Amino acid sequence: MTDHPDLVRRSAARLAADLAARDVSAVEVVRAHLDRMDAVDGAVHAYLHRDDEGALATAREVDAARARGEALHPLAGVPVAVKDVACTVGQPTTAGSKMLEGWMPPYDATVVERLRAAGLPILGKTNMDEFAMGSSTEHSAYGVTRNPWDLTRVPGGSGGGSSAVLASFQAPLAVGSDTGGSIRQPAAVTGTVGTKPTYGGVSRYGVIALASSLDQIGPCARTVLDTALLHEVLAGHDPRDSTSIDAPVPPVVQAARRADVAGLRIGVVGGRDATGYQPGVLARFTEALDRLEAAGATVVDVACPHFDYAVAAYYLILPSEASSNLARYDAMRYGLRVDPSRGGASSAEQVMAASREAGFGDEVKRRIILGTYALSAGYVDAYYGQAQRVRTLVAHDFAAAFEQVDVLVSPTTPTTAYPIGEKVDDPLAMYRLDVTTIPANLAGVPGLSVPVGLADEDGLPVGLQVLAPAMADDRLYTVAAALERDLVDAWGAPLLDRAPEVSTSPVPTPTRQEA
Amino acid sequence: MTTITRDQVEHLAMLARIDLTDEETTRLATDLGVILEAVEQVGEVASDDVPPMSHPLPLVNVLRADEVRPSLAVQEALSGAPEAQDDRFVVPRILGEE
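Just so you know, the protein sequences line up as chains A and B, in that order. Here this note's numbering runs 562 ahead of the position in the first sequence, where the first position is 1. Here this note's numbering runs 10 ahead of the position in the second sequence, where the first position is 1.
Next comes chain B alone, as it looks inside the complex (with noise of 0.2 Å):
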């Protein structure tokens, strides 16, 4: 039985950027311990030699031509931006104050 703990899940949290609440919190640890339980099963069937698949077609490098299409104009790129101003997104700080 896989257990999975409310610092295990505060620290999911943080990698996935999502601020939860302690009542999500408790849970999702309780949660995410049954759907485990239940999907460990792959581990019973598929031996090392069995290739992992990663998609249903065989597809390799796309490419389009490296050709110039018309694009999004500035103010259709910027249309949902919750903040924007001189043509360009407003986003809040990136750097720390210290």
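Here chain A stands alone, though its shape is the one from the complex (with noise of 0.2 Å):
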């Protein structure tokens, strides 16, 4: 099919020169990305749909007008997976939910839009916990996604199926969304790098609300200024969504080709020997912390001393905004009807009850009863009001902290990817895993997951997370493109490089309750 077997091992910057030289056309990268996709999607199980056509249409008219000569962006025929949160016109988008089967969006997602305008063929939709509720893609209604690392694992979630796409080389770029870590923690898991940009930095319009006040899409991909480029693509102004911030694009891309930390303040939070973090995640995050001092910075700590309460608030503040979001799926327009009568004798509230019933899985269902329960009379001002005030004082912390320091690090996730099925009954013990990721979307500032390294016990990818003020995005990059430089020079060749090859047989899915 292709002369050039590699191409899917390139990074985006390496195909965007290599396109734009014409030494291969984009039809040839995207047939080279179906191919990798037909030998391993069956054993990762990282995409929902794929959209082979219409990626190669793109594909052959980006190759057109390069051919006429035609100005194109640089990523022009570069491909992109995208999460299936995200509304696509021409293929499903079902947000991990049987609610969602099938359903063909009659609009683009701004974001997908941009995509289209830059003339960047779109894959697929990638796998999601349901509505990105989990941290593991264990709650998706069509199957867990597998770690390319180890497919007995998890890739992290919700996002795992965007990671997966990147780890296993099914796609250099990816579109993910994070509303407590579902950027960051599947990027740290798999080896592979994500943002979570400033609050309102990338629209939201035609992006299905999980909670509107944490939610934010970001860009995903397998070096930093692969996911820079792409950031640039997706953020800016939307006047179709009303919480986006009408200011410049933070100079993300420029930020990561510079590369450097000279002179820059980084404050360690949570210390060094925090305890409940594996001893392979914090022996390659404190290498990494004096990689950064070699490299010019100062590290100091950083006490934020209301982070310990942050999970607590989270998972207040989701359940609440998550049942009032999630009162859409009424079976009135569209999505799953279910006539418990048959017959058509079912009032409007019986039908919509049974749809609810049979369209959510158990973990749509325990937070939509939670949050209500939280908002309701009598416990609203104990549960989410107090959560509201935590909120403000974790917003508090981080603004202490940036008086001091210039960015924040920890360890992205307290632990490496853990097994499929380990922790899928046990809600608490997922949502505590949380507690590294969750302050930044309280408080709306940036983060970035970049891999560190292999955890000695299991040699699994260890990600360090680096957190910045409001709309200065720009230093996640220069921290993360200065550490992985580093890095990479220290080892020979990029992390995945490490990653054994994906078996291209599918491997049997364990057994979910539901299942």
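Note that these hints are calculated values from the structure, not bench results. What you are looking at is a predicted structure, and each value in this text was computed from that prediction instead of being measured. We put the beta carbon where it would ideally sit given N, CA and C, even for glycine. Among the hints, erroneous ones may be present.
Incomplete in silico selection of chain A near chain B, CB under 8 Å [unchecked claim]:
hint : residue
1    : S587
2    : V589
3    : R890
4    : A893
5    : S909
6    : F922
7    : T934
8    : Q950
9    : L990
10   : A1005
Pairs of lysine to any residue residues, derived as SDA-like cross-links and limited to a Cα-Cα distance of at most 25 Å, are as follows [said to hold, decoys possible]:
hint : chain 1 : residue 1 : chain 2 : residue 2
11   : A       : K985      : B       : I14
12   : A       : K985      : B       : Q85
13   : A       : K985      : A       : S909
14   : A       : K660      : A       : G905
15   : A       : K985      : A       : D614
16   : A       : K660      : B       : T13
17   : A       : K660      : A       : S909
18   : A       : K660      : A       : N887
19   : A       : K660      : A       : A771
20   : A       : K660      : B       : I14
21   : A       : K660      : A       : A920
22   : A       : K660      : B       : R37
23   : A       : K660      : A       : T860
24   : A       : K660      : B       : E34
25   : A       : K660      : B       : G53
26   : A       : K985      : B       : T13
27   : A       : K660      : B       : A26
28   : A       : K660      : A       : G842
29   : A       : K660      : A       : G705
30   : A       : K985      : A       : G842
31   : A       : K660      : A       : G947
32   : A       : K660      : A       : S886
33   : A       : K985      : B       : E34
34   : A       : K660      : A       : D614
35   : A       : K660      : B       : Q51
36   : A       : K660      : B       : T36
37   : A       : K985      : B       : A94
38   : A       : K660      : B       : E33
Assembling the complex is the task here: the two chains are given apart, and the hints tell you how they should meet.
This is how it looks when you write it as structure tokens:
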């Protein structure tokens, strides 16, 4: 099919240069990725839908435009995967839920419009926990996605499909969404890069809402520069999203190319020997701090005492907002409709309740019921109201920290990827692992995860999280790019070169309780 | 320790319009008790003088210009409807039978 078997391993920046130089065509690049999907996605199960024809059509248009000498976006012809939370005309959009099985959106999300306008072929839609509720993709109604490093382990979540397509070379770029860590945590456990931009930095128009005061769309890739390049495509003001910030996009690509931490003040949040963290995670994190110091940064410990309460606040605020947002799945205008009487005698309310029972999975029901409780009369002050006050305290902690330092760093996750099935029946254990990523969503500040090596005890990837003040997203990229350059020099090759080749035979799916 | 009864879960499920099975109701009563016990610590730290924060951005009444813009065509808006007729959504009966 293609004379370039290594095309799928190239970075987006390299592909963009190769395309511009006409060393390779966009059709060849897309075909190479479709071949790779044929070979490995039976085992990884990262795509819920693939759009071979649509991607090839875009590629042909880009090639023709280039042949005519038209001015093109630098990423034109570089393929991308989109999390199934963003509406795509011509491709089903399910948010990982039976409620929206086969739903064809009548309009594109703004981020999808921007991808199309820049000429990026969209390969398909990636798997996710249902309505982004989860940290492992085990809560997808369409089966779990597997971690390309070890097919018996989770790829993180909710954006485990996007992280897995990158780590298994089924796309060089992917779009994710991050409400409590759903871009950064999957990036960390798959050895890839992902950014949650500043709240309001990327339009959410046409993106299926989970918790509107927390949700943010962002870029995922295998290198820091590629992530910045996609960030620039996605970001910017959109009048159709009232929370979209009307200000210039921070200079993220320039920052990724600068890759300089000399003179930068870096704060370590949560300490360097936090309890509950896997030893291999802390070891790689500490080494990364040494590298940043050696590169000229000042590294100091910073106290953010209210971060300890962030998980509790988050798991009240998120279910409260989700219970309200998911009220729209009422079986009337779109989505699943189940008639319990099967003869048309049921009332609208009975149809609604039967449809929601059939269409929502266990975790979604759990959070809707929890949110309904937290918002109900007599409890709203003690739960939702108190959680909003804790949110203020978390934001104050960030403000105080950013008076002392330019960025904050921590391990992205307390552990490496855990085995599929290990935590699925213990919601609290899974919620607690979001401790590192949640504070950024509560305060609206940007965060990025970059790989910093493999844990000694299990050989699985470890991520370092960088956090910056609102609208200082560029700082994330300069720190992460400096670290990445230093580490890749030391390793002699990108971390993903050490991932085992994905077995091409499908792996049997372990049973889930509802399966 | 917060205890959530099956009756409470049934009431919440009615408010949320979800027809839970008996088994789901029992399991959620247990799950919610455990989760609420863990999240109750929000009451330990934030006193009443701390203002509540609903949103990360200080935005008030973001309005667009009052101009006519293209919107979805009727057929597009109805394209995902479980049932449609005469350019309208068909819905189950709203009123009781008595």
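Verification of the supplied hints:
no., hint, verdict
1, S587, "violated, 34 Å"
2, V589, "violated, 31 Å"
3, R890, "violated, 12 Å"
4, A893, "holds, 6 Å"
5, S909, "holds, 6 Å"
6, F922, "holds, 7 Å"
7, T934, "holds, 5 Å"
8, Q950, "holds, 3 Å"
9, L990, "holds, 6 Å"
10, A1005, "holds, 6 Å"
11, A:K985 to B:I14, "holds, 23 Å"
12, A:K985 to B:Q85, "violated, 44 Å"
13, A:K985 to A:S909, "violated, 39 Å"
14, A:K660 to A:G905, "holds, 22 Å"
15, A:K985 to A:D614, "violated, 35 Å"
16, A:K660 to B:T13, "violated, 31 Å"
17, A:K660 to A:S909, "holds, 22 Å"
18, A:K660 to A:N887, "holds, 17 Å"
19, A:K660 to A:A771, "holds, 16 Å"
20, A:K660 to B:I14, "violated, 28 Å"
21, A:K660 to A:A920, "holds, 8 Å"
22, A:K660 to B:R37, "holds, 21 Å"
23, A:K660 to A:T860, "violated, 50 Å"
24, A:K660 to B:E34, "holds, 18 Å"
25, A:K660 to B:G53, "violated, 36 Å"
26, A:K985 to B:T13, "holds, 23 Å"
27, A:K660 to B:A26, "holds, 18 Å"
28, A:K660 to A:G842, "violated, 38 Å"
29, A:K660 to A:G705, "holds, 11 Å"
30, A:K985 to A:G842, "holds, 20 Å"
31, A:K660 to A:G947, "violated, 32 Å"
32, A:K660 to A:S886, "holds, 19 Å"
33, A:K985 to B:E34, "holds, 19 Å"
34, A:K660 to A:D614, "holds, 24 Å"
35, A:K660 to B:Q51, "violated, 34 Å"
36, A:K660 to B:T36, "holds, 23 Å"
37, A:K985 to B:A94, "violated, 43 Å"
38, A:K660 to B:E33, "holds, 20 Å"
Checked against the numbered hints above, the structure breaks hints 1, 2, 3, 12, 13, 15, 16, 20, 23, 25, 28, 31, 35 and 37 and satisfies the rest.
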